[in-house]
Amino acid sequence: MIVAEQKPLEEIKSMLAPYRKVLILGCGTCVTVCFAGGAKEVAILASQLRMATRLDGDEKEILEATVQRQCEYEYNEEAADLIREADVVLSLACGIGCQTMNQQFPEKLTLPGLNTTFLGQPTEQGVWEERCQACGNCILALTGGICPVARCAKSLLNGPCGGSQRGVCEVNPETPCAWQLIYDRLKALGRLDLLLEIQPAKDWRTSRDGGQRRIVREDLRL
Amino acid sequence: MNYVKHILDELGLGSERLEMFFLSSSEGARFAEIATEMTERARRLGPSPLRQPRPMQMEDKP
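These protein sequence lines map, in sequence, to chains V and W.
Numbered by the working numbering, the letters in the first sequence go through residues 1 to 222 in order.
Numbered by the working numbering, the letters in the second sequence go through residues 1 to 62 in order.
Here chain V stands alone, though its shape is the one from the complex (with noise of 0.2 Å):
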């Protein structure tokens, strides 16, 4: 899932100051299960700006919405009416959803209330990991299903490097080395034959490299 943390409240608020009806627009998918933006995030954060604007002597209507997934324009469209009845939208949905939100409302200026952190996995209650970059070529099936791209500090192809410290990453000590995890996995699964190939370097034109990225499937189009 999309892994995201609220902004603090004092960047908010700073955000919000020009504004005075303000819609806060949760997102019901990636931002509801990571805890940072579903309905209960946006409720929580309404309440907090109602009590932190009133304080501050610059009262604001604060209106309230979430919709199923703020990244596609039929669910935002629920949420129409409330979008154009506010000066201004806070988004409380990843980089994708606030993106999408003002390109669909032209009109209407829509701040991100969260940063977008990283693809993850939740790896324990209240604990998430990231586990994907999305370099757009995964090499999952060399290494034992462990993303070394993710989840090495220097994303090598061909590691571990003299950083790994008894299974921890010299960058930080509650980080483990992926190449150790990926070594302990391989050998596990008897396929430590797949550490013999050295592999060379990774075509990133498939990741950032390339610029913004695009998928077309000629055979969904209408």
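Hints were generated in silico from the structure; no laboratory data involved.
Warning: the hint list may mix true and false statements.
[What the hints assert, rightly or not] Selected chain V positions facing chain W (Cβ under 7 Å, derived; list incomplete):
| no. | residue |
| --- | --- |
| 1 | Leu9 |
| 2 | Gln48 |
| 3 | Met51 |
| 4 | Ala52 |
| 5 | Leu55 |
In this text the structure is predicted, and so the values were computed from the model without any measurement.
Glycine is no exception: its CB is placed at the ideal position from the N, C-alpha and C atoms.
Guided by the hints, dock chain W onto chain V, whose structure is given.
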């Protein structure tokens, strides 16, 4: 609890206004003690800053 306390501090309302206690129905004396303690605390902290009267608005006018 910690999350809500953090919000109350961030807003300037003060996290001390909120507390959670666990006790069983048989602990009447402890309940009274806690109620007294929280009442004293509320008096010490004074009214919530949110209870200040609002500036008069259109709908408030007679």
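Exercise. Which of the listed hints are broken here?
Worked result: none
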